[in-house]
Amino acid sequence: MKDDSYVTSDGRTIGGVLMDLRRITLRFGGVEAIKDISFDIREGEIRAIIGPNGAGKSSMLNVISGFYVPQEGEVWFRGARRPPMKPFQVARQGIARTFQNIALFEGMTVLDNVMTGRLTQMKASMLSEAIWWGKAQREELANRERVERVIDFLEIQHIRKTPVGRLPYGLKKRVELARALAAQPRLLLLDEPMAGMNVEEKEDMSRFILDVNDEFGTTIALIEHDMGVVMDLSDRVVVMDYGRKIGDGTPHEVRNNQEVIDAYLGVAHD
Amino acid sequence: MPDQVLFAIEVTLNGLMAGVLYALVALGFVLIFKASGIFNYAQGVMALFAALTLVGIMDGQVPFAHLINVVFGTNVHHFGWTVPALLAIALTMVVMVGFAWAVNRLVLRHLVNQVPIILFMATIGLAYFLEGLGDMMWGADIKKLDVGLPQGINGWIDSTTFDAFGYGFFIDNLDIVATLIAAILVTGLVLFSQYTKQGRALRAVADDHQAALSVGISLSFIWVLVWSIAGFVALVAGIMWGAKSGVQFSLSLIALKALPVLMLGGFTSIPGAIVGGLIIGMGEKLFEFLVGAPYLGGATEIWFAYVLALVFLVFRPQGLFGEKIIERV
Numbered sequence: 033m034k035d036d037s038y039v040t041s042d043g044r045t046i047g048g049v050l051m052d053l054r055r056i057t058l059r060f061g062g063v064e065a066i067k068d069i070s071f072d073i074r075e076g077e078i079r080a081i082i083g084p085n086g087a088g089k090s091s092m093l094n095v096i097s098g099f100y101v102p103q104e105g106e107v108w109f110r111g112a113r114r115p116p117m118k119p120f121q122v123a124r125q126g127i128a129r130t131f132q133n134i135a136l137f138e139g140m141t142v143l144d145n146v147m148t149g150r151l152t153q154m155k156a157s158m159l160s161e162a163i164w165w166g167k168a169q170r171e172e173l174a175n176r177e178r179v180e181r182v183i184d185f186l187e188i189q190h191i192r193k194t195p196v197g198r199l200p201y202g203l204k205k206r207v208e209l210a211r212a213l214a215a216q217p218r219l220l221l222l223d224e225p226m227a228g229m230n231v232e233e234k235e236d237m238s239r240f241i242l243d244v245n246d247e248f249g250t251t252i253a254l255i256e257h258d259m260g261v262v263m264d265l266s267d268r269v270v271v272m273d274y275g276r277k278i279g280d281g282t283p284h285e286v287r288n289n290q291e292v293i294d295a296y297l298g299v300a301h302d
Numbered sequence: 003m004p005d006q007v008l009f010a011i012e013v014t015l016n017g018l019m020a021g022v023l024y025a026l027v028a029l030g031f032v033l034i035f036k037a038s039g040i041f042n043y044a045q046g047v048m049a050l051f052a053a054l055t056l057v058g059i060m061d062g063q064v065p066f067a068h069l070i071n072v073v074f075g076t077n078v079h080h081f082g083w084t085v086p087a088l089l090a091i092a093l094t095m096v097v098m099v100g101f102a103w104a105v106n107r108l109v110l111r112h113l114v115n116q117v118p119i120i121l122f123m124a125t126i127g128l129a130y131f132l133e134g135l136g137d138m139m140w141g142a143d144i145k146k147l148d149v150g151l152p153q154g155i156n157g158w159i160d161s162t163t164f165d166a167f168g169y170g171f172f173i174d175n176l177d178i179v180a181t182l183i184a185a186i187l188v189t190g191l192v193l194f195s196q197y198t199k200q201g202r203a204l205r206a207v208a209d210d211h212q213a214a215l216s217v218g219i220s221l222s223f224i225w226v227l228v229w230s231i232a233g234f235v236a237l238v239a240g241i242m243w244g245a246k247s248g249v250q251f252s253l254s255l256i257a258l259k260a261l262p263v264l265m266l267g268g269f270t271s272i273p274g275a276i277v278g279g280l281i282i283g284m285g286e287k288l289f290e291f292l293v294g295a296p297y298l299g300g301a302t303e304i305w306f307a308y309v310l311a312l313v314f315l316v317f318r319p320q321g322l323f324g325e326k327i328i329e330r331v
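Line by line, the protein sequences give chains A and B. First residue of the first sequence? That's 33 in the numbering used here, and the numbers climb one at a time after it. First residue of the second sequence? That's 3 in the numbering used here, and the numbers climb one at a time after it.
Simulated from the structure, these hints should not be mistaken for lab results. One thing to keep in mind: the hints can contain errors.
Covered by chain B, per the in silico footprint, the following chain A stretches (three or more residues, Cβ under 8 angstroms) [to be verified]: (1) 80–94; (2) 280–288.
Derived DSS-like pairs: lysine-lysine, alpha-carbon spacing no greater than 27 angstroms straight-line [unchecked claim]: (3) K167/A <-> K204/A; (4) K193/A <-> K118/A; (5) K146/B <-> K193/A; (6) K118/A <-> K145/B; (7) K204/A <-> K234/A; (8) K204/A <-> K246/B; (9) K246/B <-> K146/B; (10) K67/A <-> K118/A; (11) K167/A <-> K234/A.
Selected chain A positions facing chain B (Cβ under 10 angstroms, derived; list incomplete) [unchecked claim]: (12) R129; (13) R170; (14) E171; (15) N175.
From the three backbone atoms N, C-alpha and C, an ideal C-beta is built for every residue, glycine too.
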């Protein structure tokens, strides 16, 4: 990995390539959801994938997180080509994610949900766990510390013991972010983190995303179809339309790209 | 106290203890259903198979003896040793874990994303396969299972109640032990699922498969784990039932008694399985005593549980503790 890191205008360091997607093609039967797309995500940056509904953004995220396996192309992570993997294996490599339609454990409390984010970090044997002793106990305590820090950070202390099923939508989104963050991921994937939120909630979520990136140095890739939000938030943007990549660059570059304007901004939607 | 009331109390107590065994089998059903949405028809046969294997290992029986003798022209039946109960239980558990692994590897893995009825059918196939396998491995004769649990009338309860009421209650020591062990087992399971990593993973999988995958939980590992735990529960149930009435193939019929227990308690609730088991056990004994024997010519225990469950279904389909199923339109 060659070092071509640089410092952004707001003083954050963007490192080398963390994830590299090379000529990815994904088909469902005869339908091509992603057509020959390449782009990379660099250490420490906030990378957005935008595009109108049905552009293939979520499919792209699902390729990165291992939920879909592309028919063609290569996924490179931390300088090594990734063999086809199950989603849980991808998660164990340090890639955490949230879902567009929120996938939380509804019957469990907020605290328990966030604790599940730590599962990949826990190594105690089942036997020592069964008797709740030694390593298992130390681990549980260390994990609790990290989890409490994340909970504090995302300002959800007051609902720690509340079953998730009872929470309003906006808070659920935040709990899901907390769970992903608890895993201390190398790469955090957010699938429409602001979908269905009102303006105030969107502002809150934007602030959390920026703070997470700043405070924990977490690399973030996010999907959004609200163009305005993304432009303020991200370092670089990939634009997709009908499964193709039609733009890639800084928000400023993308905003002035004629093809992007035609395909995405030029057409009335929503 | 009048005799009739004392009899009724005694019958109730005995019913409760019979209910513990129903509850144990039902518990195995609930565990697998919660984690994977599979209604495991083979749960009862697993109890039978576990008990058969335990007896076989303890007695030093050669597995597949008939098959071996036919193929090789030998005449072996016993290794000539006996194995102590605790070691045999451990070995049986190894067999049950192996079974859990094989079921997932050879059957369920190929049926991922199939509709529930297909999975249910697969477990019916599994049940009869396992019954046949048990027969082939250990033979079809009724076996005596004695792992050293205390048996016979509890003298202390008998004499105490005799002193107090002038009538001694007949409570079997085995039933008391079974109740204690079941209580320990359930407590252990609850602690495991609430406070350990694997337990948390188990609850996570039961709640949402997709989310579980995204936090790095291997579904197939959890399924093997949960089938192993169900195998352990089956082993405990098999030991209790076997010690009580011998290891015989009618043991697998207790699985059917677990059905009304589940309808009553709900398919997804561990407390439901316990309470349901106790209600069914107590209900059928009490009904037989108060109504069945005097007015209906007896033998109501065969159908009472099912009719009670049917009545229950009509008024509360999700069971006492089950989650209400709301389909959003």
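How the hints compare with the structure:
1. 80–94: Our answer is that it is violated, as 0 residues pass the Cβ test (under 8 angstroms) against chain B, missing three.
2. 280–288: violated (count 0)
3. K167/A <-> K204/A: violated, 32 angstroms
4. K193/A <-> K118/A: violated, 32 angstroms
5. K146/B <-> K193/A: Given pair K146/B, K193/A is violated - Cα atoms ~50 angstroms apart, limit 27 angstroms.
6. K118/A <-> K145/B: violated, 46 angstroms
7. K204/A <-> K234/A: holds, 13 angstroms
8. K204/A <-> K246/B: violated, 51 angstroms
9. K246/B <-> K146/B: Measuring from Cα to Cα gives roughly 9 angstroms; hence the hint holds.
10. K67/A <-> K118/A: Roughly 22 angstroms between the alpha carbons, so the hint for K67/A and K118/A holds.
11. K167/A <-> K234/A: violated, 41 angstroms
12. R129: holds, 5 angstroms
13. R170: violated, 13 angstroms
14. E171: holds, 8 angstroms
15. N175: holds, 9 angstroms
This entry does not satisfy hints 1, 2, 3, 4, 5, 6, 8, 11, 13, going by the numbered hints stated previously.
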